[in-house]
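From first to last, the protein sequence lines are chains A and B.
The first sequence: position 76 = 76 (the numbering used here), numbered continuously.
The second sequence: position 56 = 56 (the numbering used here), numbered continuously.
Watch out, some of these pointers could steer you wrong.
Here are the simulated EDC-like cross-link-like pairs (lysine to aspartate or glutamate), alpha carbons at most 20 Å apart as the crow flies [claimed, not checked]:
#, chain 1, residue 1, chain 2, residue 2
1, B, LYS3, A, ASP59
2, A, LYS71, A, ASP51
3, A, LYS13, A, GLU62
4, A, LYS55, A, GLU79
5, A, LYS55, A, GLU30
6, A, LYS53, A, GLU79
7, A, LYS70, A, ASP51
8, B, LYS54, B, ASP67
9, B, LYS108, A, ASP38
10, B, LYS105, A, ASP38
11, B, LYS3, A, ASP38
12, A, LYS3, A, GLU17
13, B, LYS105, A, ASP59
14, A, LYS3, A, ASP28
15, A, LYS3, A, ASP51
Derived by calculation from the structure, the hints in this document are not laboratory data.
The residues making up each chain are set out below.
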Amino acid sequence: DVKVTQSSRYLVKRTGEKVFLECVQDMDHENMFWYRQDPGLGLRLIYFSYDVKMKEKGDIPEGYSVSREKKERFSLILESASTNQTSMYLCASRTRPTSVETQYFGPGTRLLVL
Amino acid sequence: LAKTTQPISMDSYEGQEVNITCSHNNIATNDYITWYQQFPSQGPRFIIQGYKTKVTNEVASLFIPADRKSSTLSLPRVSLSDTAVYYCLVGSNYGGSQGNLIFGKGTKLSVKP
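Bound conformation, chain A alone (with noise of 0.2 Å):
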């Protein structure tokens, strides 16, 4: 079974901290995504890797940065943390598409900045 983790499923900051959200993989995929979740809005993309070193901004790439150095490993930065960045923050990987696209997710990191 594919299996994504995230560092954190519960994370409270301060306004202006840096933040690191950290999301890892098992399955050897070259694609990882970041997401957020707010009520209402459905999940939105925030950034995504389709390869090591290699990123794409999402629909709401303002106020994240991101680090992929290693395959299985796609980290979301907060560099000044503000609150309106409070949310759940979806990480998902998959294979190179193909005829079939499927997502995994992890559980999830729910942020509080306060």
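Following the hints, put chain B in place on chain A, whose structure we already have.
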């Protein structure tokens, strides 16, 4: 980009069949339709995917009309454990660019005893 529209919420009772429809008027030729299920405090989980006509697996069926501008997820004889949010996703599997994958806002299904 093919955006999707789904009902915000639906209610059902145990043992009933539930049909959730997703509209995607601007679907492109290469786009597939994929549905995910999400329980509270968990990440979404893949349910089913299709391109046209009908697809069935052990969990659900997916009906896609000839014009592909909509699709219907059908859950047979739901139970309380099917209470979840269901997402409709339309996108292409080719090209490698994430820019053409879009999640809908989801339909919250509540199954009552």
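Status of each hint after checking the structure:
1. LYS3/B to ASP59/A: Holds, at about 13 Å.
2. LYS71/A to ASP51/A: 7 Å, holds
3. LYS13/A to GLU62/A: Within the cut-off at roughly 19 Å; holds.
4. LYS55/A to GLU79/A: 17 Å, holds
5. LYS55/A to GLU30/A: 11 Å, holds
6. LYS53/A to GLU79/A: The hint holds at about 19 Å.
7. LYS70/A to ASP51/A: 9 Å, holds
8. LYS54/B to ASP67/B: 13 Å, holds
9. LYS108/B to ASP38/A: This hinted pair holds, its Cα atoms lying about 14 Å apart.
10. LYS105/B to ASP38/A: Since the Cα atoms of LYS105/B and ASP38/A sit roughly 10 Å apart, the hinted pair holds (cutoff 20 Å).
11. LYS3/B to ASP38/A: 18 Å, holds
12. LYS3/A to GLU17/A: Not OK: LYS3/A and GLU17/A at ~29 Å, beyond 20 Å, violated.
13. LYS105/B to ASP59/A: 14 Å, holds
14. LYS3/A to ASP28/A: The hint holds at about 11 Å.
15. LYS3/A to ASP51/A: It holds: about 18 Å lies between the C-alpha atoms, which stays within 20 Å.
When held up to the earlier numbered hints, the structure conflicts with hint 12 and nothing else.
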